Amino acid sequence: MSVPTQPYRRSFGDMSERALAVWLLLPAGLLLGFVALYPVVRLIYTSFFQYQLTQGPEASFIGLANYAAALEDARFWNAFRNTALIVLVTVPGALVVGLGLALLANLPFRVKWPVRLGLLLPWALPLVFVGLIFQWFFDSQYGVVNDWIVRLGGERQFWLFRPDLAFWAICFTIIWKTSSFVALILLAGLQTIPKELYEAAEVDGASRWQVFWRITLPLLTPAILVAMIFRTITAFQTFDIPYAMTKGGPGNATETLAMYVRVTSIENLNFGYGSALAVLLFLVSMAITVIYLRYIRGADD
Amino acid sequence: MKINNPRIWLWIAAAIVVLNGFFPALWIFLTSIKGEAELTRIPITYWPDNPTLQNYVQAFREQPLARYFLNSLIVAGFSTLLCVSVASLAAYALARLHVPRRNLILSLLVGVSMFPVASLMVPLYQTFNELGLRNNYLALILPHAALSLPVATLTLVSFFAGIPRDLESAAMVDGSTRLGALWHVVVPLAAPGVFTAAILAFVNSWDEFLLASTLLPAKAMRTLPVGIQLYQGEYVFPWPLISAALVVALVPVALVIALFQERVVGGLTQGGVKG
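Protein chains in written order, with the working numbering: chain B, 2 to 302; chain P, 4 to 278.
Derived from the structure by calculation, the hints contain no laboratory data. Please read all numbers here as calculations on a predicted model, not as lab measurements. Don't be surprised by glycine CBs; every beta carbon is placed ideally from N, CA and C. Treat the hints loosely; a few may be bogus.
Stated by the list, open to error - Cβ pair distances, simulated, as ranges: (1) B:Leu-38 - P:Thr-48: 48 to 58 Å; (2) B:Gly-252 - P:Glu-39: 51 to 61 Å; (3) P:Gly-80 - B:Arg-111: 50 to 60 Å; (4) P:Pro-103 - B:Arg-82: 39 to 49 Å; (5) P:Leu-84 - B:Ala-288: 29 to 39 Å; (6) P:Phe-63 - B:Gly-64: 50 to 60 Å; (7) B:Trp-114 - P:Ser-161: 18 to 28 Å; (8) B:Tyr-39 - P:Ala-261: 37 to 47 Å; (9) P:Arg-104 - B:Pro-115: 43 to 53 Å.
Claimed, not checked - Which chain P residues stay away from chain B? Per the calculated CB distances, all over 12 Å, these: (10) Trp-14; (11) Ile-31; (12) Pro-103; (13) Val-268.
Let the sequences and hints guide you as you build the complete structure.
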């Protein structure tokens, strides 16, 4: 490595700290501006227009009419309901399963890597692949799930062809996929609990149940809240797993908000209405994010 | 056998976690080495009767799987590179320099990382269409780099903050410029952090489906998740091909997390525990 040459040194050496900071932050600002902030502005703008490419290239300003239409749209409310139900089922589900996995993984194993990989693998598998693999699990003819049911003396089920069963199969899959991430966060939280507390509890003759409720759970609450908020935000954006498993079917029984946005804007090229739906999805995510930011700010103080 | 023996409980606990994590991947692998005749037999077999690589041959012969793989590699590789370079510069400024409204910037980064991809998809589709960049790698590389940028920056800020300032000052006293000190002192010490951020960005890009299917829809441009997902509509019984293709597609992520597991866990949980 050569020592920086003279002109190089002068040009940066004379720069004020503030100017240097601006130059260093500029690339990040440009990238996020072009691919995240500008699109959001454009999205909101487009949502005020009647603009469907299949009906011609002109866009006409219609104010809030797209939003009014969304509130009257049964398919929107169906997608909203499905998304809300997925949040209500899979967030607590992933927290409970994730807590269980974290408690198991926190035991004093001599060799740690198999357990760690067991938690990492579900996180690393692409969502679409998880959807495909579980679609194969739930296959009505050759799936593992029906094979177990039949072996236990039950009836074959048409998992992904009945609205209620398809919903539960999707929730099961989402919980499997997301609980390992929750477990990793909770495991890191468990490892920050001082060992002395457990030793003291043992001296006092506390039962395992008491130790869990009085020490583990209260001290784990911050990590649980973080995991819960993260999961809630991503659960509202659910797309890949139901898309890979059912394409939103049967009918629209498992269609989520993100799926309806995609059908409307990309498949039907109705950008105006699709943008309004996307804004609604955006607002929900941002509302939860603001709560999250408030929470971590509070935790910092 | 004594049921109270704690070692037995340890084995059971480990088995639960390992089986839960590995079973789906293991099952898709077992599926991929069974012939079509065996896959359509009832009751289903668990261990393959007659292991065969036929599905893999088919997967590469009937579909441009190698091309999908290359596309994924190009997009994930370049978006990771872009993301980590841009994030390193920003993180250094945020960790070390006097930046006005620093907390606002950090909050904005967290906010951007929560943007729903489905919402960004609509304007990105319009924009890249107008620029004539749809079905161009750039159309996916830029958004993927941007999507991983906030988390990469936040990860690196805490890494840079952990490097003693004295080391840097010493280098500057020795006649090095600030950028010289950055290059010779800070960069080597921050390398593990940069590497962690790179792994997370790579895995995120490798996994992403929604934007990939919208911005690179042409058959020759599809990434692995997009290409393999579409087999369902093209075959009556797609599982021999899907299972083999999935195993091929999973090799890189499996390798990355197996080799760098501690680093990945550290990178993932750092944000969560510290907030």
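Results for each hint:
The hinted range of 48 to 58 Å is satisfied by Leu-38 (chain B) and Thr-48 (chain P), whose Cβ atoms lie roughly 54 Å apart. At about 31 Å, the beta-carbon gap between Gly-252 (chain B) and Glu-39 (chain P) misses the expected band of 51 to 61 Å. Evaluation of the 50 to 60 Å hint for Gly-80 (chain P) and Arg-111 (chain B) yields a failure: the beta carbon distance comes to about 38 Å. For Pro-103 (chain P) paired with Arg-82 (chain B), a C-beta distance near 45 Å keeps the hint of 39 to 49 Å intact.
About 34 Å separates the C-beta atoms of Leu-84 (chain P) and Ala-288 (chain B), a value consistent with the hinted range of 29 to 39 Å. Remark: the range hint 50 to 60 Å for Phe-63 (chain P) to Gly-64 (chain B) is upheld by a beta-carbon distance near 54 Å. Take Trp-114 (chain B) and Ser-161 (chain P): their Cβ atoms lie about 25 Å apart, and the range 18 to 28 Å holds. For Tyr-39 (chain B) and Ala-261 (chain P), the Cβ-Cβ distance of about 39 Å falls inside the hinted range of 37 to 47 Å, so the restraint holds.
The hint said 43 to 53 Å for the Cβ distance between Arg-104 (chain P) and Pro-115 (chain B), and at roughly 46 Å that hint holds. Not every Cβ of chain B is farther than 12 Å from the Cβ of Trp-14 (chain P); the closest lies at roughly 9 Å, contradicting the non-interface assignment. Once the 12 Å rule is applied to beta carbons, Ile-31 (chain P) is inconsistent with being away from chain B; the minimum gap is 5 Å. A cut-off of 12 Å between C-beta atoms contradicts the statement that Pro-103 (chain P) is not in contact with chain B; the least separation is 8 Å.
Not every Cβ of chain B is farther than 12 Å from the Cβ of Val-268 (chain P); the closest lies at roughly 6 Å, contradicting the non-interface assignment.
Hints 2, 3, 10, 11, 12 and 13 from the earlier list are contradicted by this structure; the remaining hints agree with it.
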